[in-house]
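Q: Sequence:
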Amino acid sequence: GGFNRQNHKKGGVAVFAKSNVQNDITLVSTSNPASECICETTLLKIKLKKQQLYILGVYRSPSSNLDQAIEVLMAQLDNALTTNNPMIVMGDINVDAMTVNENTLKLEEALLGYDLRRLKLPPTRITHSSQTSIDFICTNMSEADISTQVLDTGISDHCAQLCNINTDKRLIPAQTLTRKINKYTMEDLRLLLEVKDWSKVLQTSNVDDAFEMFQKTLQQALDISCPLSTMKLKNNNLKKIWDAESNELKDNYLEAINRAILTGKPEDKMEAAQKKKAYDLKLKTLKKEEIANRFEEADNKTKVLWNIINQERKSRTSNMQLDTLIVNRETISSPTEIANHLNEFFATTAERTLMNSTQNNKHTKT
Numbered sequence: 001g002g003f004n005r006q007n008h009k010k011g012g013v014a015v016f017a018k019s020n021v022q023n024d025i026t027l028v029s030t031s032n033p034a035s036e037c038i039c040e041t042t043l044l045k046i047k048l049k050k051q052q053l054y055i056l057g058v059y060r061s062p063s064s065n066l067d068q069a070i071e072v073l074m075a076q077l078d079n080a081l082t083t084n085n086p087m088i089v090m091g092d093i094n095v096d097a098m099t100v101n102e103n104t105l106k107l108e109e110a111l112l113g114y115d116l117r118r119l120k121l122p123p124t125r126i127t128h129s130s131q132t133s134i135d136f137i138c139t140n141m142s143e144a145d146i147s148t149q150v151l152d153t154g155i156s157d158h159c160a161q162l163c164n165i166n167t168d169k170r171l172i173p174a175q176t177l178t179r180k181i182n183k184y185t186m187e188d189l190r191l192l193l194e195v196k197d198w199s200k201v202l203q204t205s206n207v208d209d210a211f212e213m214f215q216k217t218l219q220q221a222l223d224i225s226c227p228l229s230t231m232k233l234k235n236n237n238l239k240k241i242w243d244a245e246s247n248e249l250k251d252n253y254l255e256a257i258n259r260a261i262l263t264g265k266p267e268d269k270m271e272a273a274q275k276k277k278a279y280d281l282k283l284k285t286l287k288k289e290e291i292a293n294r295f296e297e298a299d300n301k302t303k304v305l306w307n308i309i310n311q312e313r314k315s316r317t318s319n320m321q322l323d324t325l326i327v328n329r330e331t332i333s334s335p336t337e338i339a340n341h342l343n344e345f346f347a348t349t350a351e352r353t354l355m356n357s358t359q360n361n362k363h364t365k366t
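What the sequence shown shows, in the UniProt record's numbering, is residues 1 to 366, in sequence order.
Some hints here could point you the wrong way.
Said to hold, decoys possible - List of simulated lysine-lysine pairs, BS3-like, C-alpha gap at most 25 Å:
id	residue 1	residue 2
1	Lys232	Lys18
2	Lys287	Lys250
3	Lys232	Lys180
4	Lys49	Lys18
5	Lys269	Lys282
6	Lys250	Lys288
Stated by the list, open to error - Derived DEER-like restraints, expressed as beta-carbon distance ranges:
id	residue 1	residue 2	range
7	Ala298	Lys183	16 to 26 Å
8	Phe346	Ile155	45 to 55 Å
9	Gly264	Ile326	43 to 53 Å
If you're looking for bench data, these hints aren't it; they were derived computationally from the structure. Even glycine gets a Cβ: it sits at the ideal position worked out from N, Cα and C.
Build the full structure now, drawing on both the sequences and the hints.
A: What follows is the structure, encoded as C-alpha cells:
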C-alpha cells in the first residue's frame, strides 16, 4: 500500500511487507489527496502479541511549506496515538538535523507533542558541496528496543535508513496444495479411467459439452487417485554467490562514487563508472561459476538444467500484449477482428502448405 500521486509523476510513499510474516499488517490510512507535493504519508498498523505497532512513512517535498507538512503529520499521528502504542515515523522530511534553525526547532516541538523524538542519524545526503541529515527516524520506543543504521547503497543521492525493532516476529511456514504423482497413483488413475463410461462424451455432438463431461470425469478420477494435500515448502533461499574479491570491488565502487559526489570532477565520475563495470563483470563471472558448479554436482543434471532455464525465463518475462495487427496493409485494432484473422490463418495453414507444395511440384516438372 501507499500514497500514490494523482497529478504528478514519480514521488509518493510505498510500503512493502514480507508475505510470510505472520503478524497482521493493516493499511490504516494515507494522507488526503491535497497533501500531494506537500507531505505525503502512509500509516500502517502491525498487530503484535500484546499491543499494536504503528509505522508512518513520510515524504516531504523540499519546496513545500513546513507548517502545512506538520499539519499533515499531526493528522496522521492523531489517528495512531490514541493510546500508548509504539510508533515509528521515518522517511524523507527535508529538514536538516545537523543545522539548528527555525525549521528544526519547529519540527522537534511538533514531535514532542506526541512524545516522539528524532533519533540522531549521520549525513543521509552527501554532495561535493554539502553534507545534510534530511531523512529522519522518530519513535516513542525505548532505545534498547530499536536500532538504526544508514546504508550507502550507491543507487541514490540519499543514503537508505535501516530501522530494526526488537519484537515478536513469527513466520508462517509456506504451504501449497499439491497432488502426489508417482507410478502407484498413476496406475490407480489408469485403472479408474479404464472402467469409466465414456459413451456420453463420444456421443455428444456439441464440442463444449463433450469437453466439459470429459473434464469432469477426469477431475473426479484425479481427486480419487491423486487427492490434493497440503505440503510445507522448503526454504529456497538464494545462495550468496559473492566472495571476498567481489566485496572488495563493491567497497571500491562505493568509495569511488562517494568521491565523485563530493568532488564533482569528471575524472572521478569516470573512475566510479569503471569500478562499477568491474564489479558487475565480477558478479556475472561468479554467477556463471555457481551455475556450472550446481550442474556438475547435481545427480539429476537434466532437472537442474531446466530449473536454471526456468529461473532465467522468469527474470526476463515481459508483459507482451497484441493491440494491433497489420493485415493486407491495413491496421486492425478490434480484438474480435484480430482473433478471427489469427483463427483463420492457423486453420488454413495446412491447406496453404499443400497448395504451395503442389505449385512447386508443377514448376519443377515443367
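Q: Each hint needs a verdict: does it hold in this structure or not?
A: Quick rundown of the hints versus the structure:
1. Lys232 with Lys18: Holds, because 18 Å separates the two Cα atoms, which is no more than 25 Å.
2. Lys287 with Lys250: Judged against 25 Å, a Cα distance of about 16 Å means the pair holds.
3. Lys232 with Lys180: holds (13 Å)
4. Lys49 with Lys18: holds (18 Å)
5. Lys269 with Lys282: Holds. Lys269 to Lys282 sits at ~20 Å (cutoff 25 Å).
6. Lys250 with Lys288: Roughly 18 Å separates the two Cα atoms, so the pair holds.
7. Ala298 with Lys183: 16 to 26 Å: This hint holds: roughly 23 Å between Cβ atoms.
8. Phe346 with Ile155: 45 to 55 Å: Because 46 Å falls inside the window, the suggested range holds.
9. Gly264 with Ile326: 43 to 53 Å: holds (50 Å)
The structure shown violates none of the earlier numbered hints.
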